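Asker: Construct the complete structure from the given sequences, taking the supplied hints into account.
Keeping their order, the protein sequence lines are chains V and A.
Be aware that the first sequence starts at 1, since it is given in our numbering, and climbs by one per residue.
Be aware that the second sequence starts at 1001, since it is given in our numbering, and climbs by one per residue.
Bear in mind the hints are in silico, worked out from the structure with no lab data behind them.
Model, not experiment: these values are computed from the prediction.
We treat Cβ as the ideally placed atom computed from N, Cα and C, and that holds for glycine.
Any given hint could be a false lead.
Said to hold, decoys possible - With the Cβ distance kept under 7 Å, some of the chain A side facing chain V (calculated, not the full set):
id, residue
1, I1042
2, D1044
3, P1045
4, R1132
5, V1150
6, G1240
7, P1241
8, Q1242
9, F1257
To be verified - Just a sample of chain V residues kept apart from chain A, beta carbon distances all over 12 Å, derived:
id, residue
10, F29
11, L40
12, A42
13, D54
14, S66
15, D117
16, E213
17, G227
18, K278
19, S360
20, T377
21, A378
22, A383
23, D411
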Amino acid sequence: MKKLVFGAIAAATTALSPVGAMAQTEIQFWHAFTGRLGELVAAQVEEFNASQSDYTVVASHKGNYSETLNAGIAAFRAGEQPHILMVFEVGTATMMAAAGAVKPVYEVMAESGAEFDPDAYIGAVKGYYTTTDGQMLSLPFNSSTPVLWVNRDAMEAAGVDPDTDLSTWQNVDAVLEQLKAGGEDCPLVTAWQSWIHLENLSAYHDVPFATKENGFAGLDTELALNGEVQVAHLDKMGEWAKDGEFIYTGRRNEGGANFRAGECALFTESSAGYAGIKAEAEFAFDVRPLPYWEGVGNAPLNTIIGGASLWVMQGHDAEEYNGVGEFLAYLSSTPVQAQWHQDTGYLPITAAAGDATRESGFYDENPGTDVAVMQMTANEPTANSKGIRLGSFDQIRGIIDEELEGIWSGDKTAQEAMDSAKERGDALLRRFEQANM
Amino acid sequence: MEKRVTFRGWLLPLCLIAPQVIISAVFFFYPAGQAIWQSLFIPDPFGLSMQYVGLGNFEFLLSDKFYRASFVTTAIFSILVTLASMIPALFLAVLADRLIKGSGVYRTLLIWPYAVAPAVAGVLWLFMFNTRVGVVSWYLGQLGYDWNHVLNGGEAMGLVVVASAWGRISYNFLFFFAALQAVPRSVIEAAAIDGAHFWRRFFTIVLPLLSPTTFFLLVVNVVYSFFETFGVIHTITSGGPQQSTTILVYKVFSDGFVGQDLGSSSAQSVILLIVVGLLTVIQFKFVEKRVHY
Chain V
1 MKKLVFGAIA AATTALSPVG AMAQTEIQFW HAFTGRLGEL VAAQVEEFNA
51 SQSDYTVVAS HKGNYSETLN AGIAAFRAGE QPHILMVFEV GTATMMAAAG
101 AVKPVYEVMA ESGAEFDPDA YIGAVKGYYT TTDGQMLSLP FNSSTPVLWV
151 NRDAMEAAGV DPDTDLSTWQ NVDAVLEQLK AGGEDCPLVT AWQSWIHLEN
201 LSAYHDVPFA TKENGFAGLD TELALNGEVQ VAHLDKMGEW AKDGEFIYTG
251 RRNEGGANFR AGECALFTES SAGYAGIKAE AEFAFDVRPL PYWEGVGNAP
301 LNTIIGGASL WVMQGHDAEE YNGVGEFLAY LSSTPVQAQW HQDTGYLPIT
351 AAAGDATRES GFYDENPGTD VAVMQMTANE PTANSKGIRL GSFDQIRGII
401 DEELEGIWSG DKTAQEAMDS AKERGDALLR RFEQANM
Chain A
1001 MEKRVTFRGW LLPLCLIAPQ VIISAVFFFY PAGQAIWQSL FIPDPFGLSM
1051 QYVGLGNFEF LLSDKFYRAS FVTTAIFSIL VTLASMIPAL FLAVLADRLI
1101 KGSGVYRTLL IWPYAVAPAV AGVLWLFMFN TRVGVVSWYL GQLGYDWNHV
1151 LNGGEAMGLV VVASAWGRIS YNFLFFFAAL QAVPRSVIEA AAIDGAHFWR
1201 RFFTIVLPLL SPTTFFLLVV NVVYSFFETF GVIHTITSGG PQQSTTILVY
1251 KVFSDGFVGQ DLGSSSAQSV ILLIVVGLLT VIQFKFVEKR VHY
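Answerer: Shown next, in the form of structure tokens:
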């Protein structure tokens, strides 16, 4: 009898408890951030939840970028997709092609009536996620662009003036030689080699990475990364690798550990490396714009972004989409964006957030933190520099990584490697075109 | 006369084999059937549409010279993993079998690595051989050897082989150890009286008596190296440098779960299924003849 009573109470409480929560609509938000970035996202979500009583955003970490995209896709197939899914820039074409699975952000914002001004967003950031006729498909969330990080102490130790002009690769070339001669074991290291030394290199010098406006103008695009500018740059890097002036550490951002430990002098990495470098580096460092080849193409034009955007998934109620709209509007608001930009080194997604940061004196106190913003916005993007939109891009990057390793190890010339990358990548592009006809 | 125990009726035997049949159907036949079906299509990642391409996925794969090259990589990898996991296991089992005291402790310690998940094992080995902070690579550096599996394909292959074989040594050890215990003492003692020394006894008596176990382990380890090693490769090399550690099953995994190309990934699983099926048939047809039960 006693058991029965307990059982009844237990049943009654479980039956009752959701009623209290029913008043709030739950919004599922899947992201790929851990560590410091994970904490910052959690703080944003908490603040949003506390700021109003209609919606509760539930943020869940689903692994790294690739894993998060996979989790979202698998969940969609099972009919259990989240409302908001974080997708890295490489997955953009995959998401765009899946018209039945995603609800464009401009539509969500219009229907929910949340505050939304497409013109408030920085062109170079928003362009990556906007259709050719100007409709925003996903909300830029964390965007960064590659810059050059300099270990001033290492420069000095090798007898090189840390204030040397490093704005062009010609200058860097000379400095690398001096560093090596000065006893530096690791003059240059990089993260995300394809993104920095091919995709951004192409945009920066105003040459195409792929035909059809880098894929923006159609699925029938082909890679153009075996052009003269790219091959010349990789040739030079191959030489540096051979001479021990460029040290290859891996396909992702493995090199960050070497740089933060003070073992390397120069490091090409995302501007978002700021949080980690600031926290760990026990040496004087500064940020410089990404170098360019003087006299080649239209350099320096502008660099392009990397990072992720937030996609809204199909298949939920209108009331829930209202909540999604409110949350996205909150994320775009000036104080939230300015704080995010200052905490992480990611670019502000709105011009207002950039201005607010400048007015607060943050750039004066933290010299170099505005380098990325200026580099991105210095010039009006051309068809070659507004971004890259290729299907199966994650796999294509894998192919590029393999071919680049062929150059670094001396097995292939830059021309051979890039010709092969084009041939193999084009085969995947044709498959993607076929799958999404 | 042979004595046979038979069941009366059908119900009981059917119930007894039902669990195995159901498990095989749900976890093997159904997914395998799905893979064969999907290999005929190019679907989009979200499952919104599918295009029938017949054998197009297979054509696409077999005309790719990098895919064909990965057969060779897989063969090298599988042979190395099988050897590297069976020979040390046999050696350790023989040593443990000779122990009189404390064999329980050794046995437990030797089985331990089997409890480590492949991906975790991969991370452990990666740490030890990390080009910057790895203990082993540091010692190698002291000896004047510059370890760099990030760019050196041979070293990368060696590393994934060791990491894949390590946990398997425990599994193989268990089987060899049990089989050694079953070798009749009288035969060995008789040989000893005839003056055969230890290794002679081992090669002429023990090893042939172990052959059923060895054959079983050969089949099981080849299947393991073909199918279950992608976790280790994913964590250590991601198939690189260049394509030096891209084995067939890793390509199934990366094309399907990184590249979202489910059609090609399914076609690759079907090819892999055929390859391993053929290998097993060959093993039973030719190698098994040399096995004494």
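Asker: Find the hints from earlier in the document that the structure breaks and name them by number, from lowest to highest.
Answerer: 14 and 23
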